[in-house]
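S.K.: Spelled out from the first residue to the last, the chains are:
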Amino acid sequence: MALLSIRDLMAHFETPRGTVYAVDGVNLDIGSGETVGLVGESGCGKSTLGKAILRLIEPNFGSIVLDSVDITHLKRRQLARHRHKVQMIFQDPYASLNPRATVGRIIEEPLMVNGWGSDRERKERVAWLLEKVGLPTDSLKRHPHEYSGGQRQRIGIARAIALNPKIVICDEAVSALDVSIRAQIINLLTDLRDELGLSYLFISHDLSVVEHIADRVCVMYLGKIVEIAERERLWAMPLHPYTQILMAAVPVLDPKIARERKKIIPRDELPSPLNPPGGCRFHTRCPYAQPKCRDEEPPLRPLQGRQSVACHLVTEQADGSIAYPTMAAEAAPKNDVRGAPA
Amino acid sequence: MSPLLQVCDLTTHLFTVEGVVKAVEGLSFDLDADETLALVGESGCGKSMTALSLMGLVPDPPGRIVGGQVLLGDRDLLQLSEHEMQKIRGNEIAMVFQEPMTSLNPVFTVGDQIVESVLTHRQVSRRQARERAVELLDLVRIPDPRGRFDDYPHRLSGGMRQRVMIAMALACDPDVLIADEPTTALDVTIQAQVLDLLGELQGEFGMGVILITHDLGVVAGIADRVVVMYAGRKVEEAPVDDIFASPLHPYTQGLLGSMPRPGLEERLREIPGVIPSLIDMTPGCSFAPRCAKAMARCREEQPDHATIGDARVVACFAAEEEVAGRGLAVDT
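From first to last, the protein sequence lines stand for chains Z and F. Using the working numbering, read the first sequence as starting at 1 and increasing by one per residue. Using the working numbering, read the second sequence as starting at 1 and increasing by one per residue.
It is worth saying that the hints were derived from the structure and are not from the lab. Fair warning: this is a prediction, and the values are worked out from it, not measured in the lab. Don't take each hint at face value.
Unchecked claim - Below are the EDC-like pairs computed for lysine to aspartate or glutamate, each with C-alpha atoms no more than 20 Å apart in a straight line: (1) Z:K132 x F:D241; (2) Z:K166 x Z:E316; (3) Z:K256 x F:D224; (4) Z:K51 x Z:E34; (5) Z:K256 x F:D242; (6) Z:K256 x F:D241; (7) Z:K166 x Z:D67; (8) Z:K256 x F:D9; (9) F:K22 x F:D9.
Work out the full structure: start from the sequences and follow the hints.
M.R.: As structure tokens, this is what we get:
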């Protein structure tokens with residue numbers, strides 16, 4: 001049984017201009033100690049999904065089962081008894097910390113709210129947390145503005161792990177940080193995961209960071225998951241055309257490869273989630289789209305090797321290999337039959 | 001052939017109540033026509049203040065250029081009056097900013113804004129300016145340029161807005177284009193489109209492009225030469241292949257080491273510590289407090305720029321020793 005199990009989750013917003021289908025039927029399991037990466041571009045619904053899991057945004061449909069308890073419809077007070085198991089780290093360490101509270105107070109707050117321990121136990125816990133995230137002990141009486149972005153993110157992490165959560169949702173947690181600081185925070189997150197046995201849902205637009213940290217990765221496009229696979233598998237054989245395009249757009253750190261690699265630049269821009277295209281939502285930008293893709297929505301189908309994909313053009317052959325469209329054929333869609341690694 | 005643009009010893013300070021922020025300290029580099037030079041560094045390294053200095057747009061107060069030269073041809077831009085500078089801006093040096101949402105006026109159509117920038121710099125009729133604007137929209141690969149002409153900025157996506165900004169910058173065929181984090185606010189697929197466009201336009205227009213970015217990945221794909229900045233100073237300069245293949249400065253090495261790379265499972269190499277304040281600068285090399293190779297000398301003395309071979313520059317005592325140890329010529 002997965003630690004967190006999401007079924008058919010939908011989160012729609014009514015706006016004056018129509019309904020935004022931010023999350024539109026998502027299934028996702030996260031196992032104990034597992035890190036699942038969630039990638040996609042702005043507006044794909046990845047942050048909404050993260051917030052819906054915490055019920056910071058109420059889902060319209062579907063279920064969220066956390067640690068064998070269905071929390072989808074729990075009333076506030078009951079929900080509070082379970083919510084400490086899931087915590088969140090936000091992107092903007094400047095906006096997510098109360099500027100008037102001391103660092104000690106910020107980290108202690110979740111403990112107080114949940115009636116955790118005595119005053120002295122809480123103070124000890126806060127000191128322990130400061131040490132865990134690598135903040136100096138004199139931080140207790142200081143205020144967030146005295147810290148740099150990276151240090152503030154450490155405060156946010158200490159607050160998130162204060163209640164011993166099982167799952168931490170990291171929503172673009174390292175995106176606003178400078179490169180040299182980002183590496184420090186990524187290393188801190190992996191250390192904490194290994195030491196405390198945490199699971200992460202790691203939401204990011206940055207594929208290179210996700211590849212570094214995640215065990216399994218799901219790719220979202222306009223409110224739906226288009227592909228899920230284990231990390232190595234996904235990078236070795238991205239099946240969905242959108243996954244391929246995302247990966248090809250990631251800047252590489254080798255000038256020779258960067259100059260020579262084939263540029264696969266997607267057509268157009270992300271359509272509005274207000275009026276998502278019918279059929280396969282990616283068909284308007286897909287270089288391989290066929291009439292069927294316009295008319296019929298492809299379901300997310302599991303293939304062998306713990307890889308699932310939502311694309312009509314990916315087919316499992318009788319001999320167990322997988323045929324899928326590749327960039328080898330630029331203009332004409334071609335089904336390249338390649339043996340799948342066992 | 002002399003370079004298109006020569007920056008010599010540029011020094012820009014911000015005079016704040018907390019003290020003097022040494023945003024740019026003795027920065028020198030050349031830019032050739034037909035070349036893309038990347039200025040790379042993290043927040044507060046002075047890269048954006050460098051751009052503003054070249055454009056004559058340093059906010060005063062608190063900022064002031066306190067020394068150096070910016071030579072465009074035989075003119076020193078720092079000696080020009082504001083009136084003379086207005087003729088240079090847009091005509092000879094143009095700039096694209098990071099945030100296309102805030103750089104476009106929300107109450108005018110994108111077409112009118114481009115027409116405005118054409119009319120400011122060119123003696124043409126409004127009708128000719130309009131034609132030019134449609135041409136420019138087409139040039140930056142905006143589909144249906146005539147239809148888009150009458151759109152307001154809020155109707156366009158981030159990528160499209162950035163294309164409009166590029167169109168405005170190109171309105172008068174500038175010799176130098178400064179792009180300050182042009183793709184930072186964009187999604188990866190849109191970033192790829194915009195970088196591709198910039199690369200193509202650079203070739204078509206034969207411009208010198210200064211690309212300012214924090215993202216080494218972006219640099220690898222588009223730059224010819226790279227200047228790495230740290231705490232207001234240039235710490236290393238090299239052709240793009242050399243920067244990635246054999247970075248010399250410990251900071252450049254650290255930056256590359258802290259980027260996740262495909263297939264590498266190991267912990268990322270961190271650069272310890274935090275980015276220093278530019279107010280209370282310690283004597284010596286500003287990277288020394290975070291540097292694994294720092295020696296006693298590094299904390300007392302600012303390393304000069306040493307020229308390595310014919311195309312590389314590094315400001316680091318340890319790197320000089322290493323390079324000399326390998327038998328390469330070091331010229332300080």
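S.K.: Quick one, are Z:K256 and F:D241 close enough, alpha carbons at most 20 Å?
M.R.: Holds, at about 7 Å.
S.K.: Given the hint that Z:K132 pairs with F:D241, test it: the Cα-Cα distance must not exceed 20 Å.
M.R.: violated, 40 Å
S.K.: Are the Cα atoms of Z:K51 and Z:E34 separated by 20 Å or less?
M.R.: Holds - the C-alpha atoms of Z:E34 and Z:K51 are around 19 Å apart, at most 20 Å.
S.K.: Regarding the pair F:K22 and F:D9, is the alpha-carbon distance no greater than 20 Å?
M.R.: holds, 13 Å
S.K.: Under the criterion that the straight-line Cα-Cα distance not exceed 20 Å, is the pair Z:K256, F:D9 satisfied?
M.R.: violated, 32 Å
S.K.: Does Z:D67 sit within 20 Å of Z:K166, going by the straight-line distance between their CA atoms?
M.R.: holds, 9 Å
S.K.: Next pair to validate is Z:K256 with F:D224; report whether the Cα-Cα distance is within 20 Å.
M.R.: holds, 12 Å
S.K.: Has the given pair, Z:K256 with F:D242, been kept, meaning a C-alpha gap of at most 20 Å?
M.R.: Measuring from Cα to Cα gives roughly 11 Å; hence the hint holds.
S.K.: Check whether the Cα positions of Z:K166 and Z:E316 lie no farther apart than 20 Å.
M.R.: Violated - the C-alpha atoms of Z:E316 and Z:K166 are around 36 Å apart, more than 20 Å.
Of the numbered hints given earlier, the model fails hints 1, 2, 8; all others are met.
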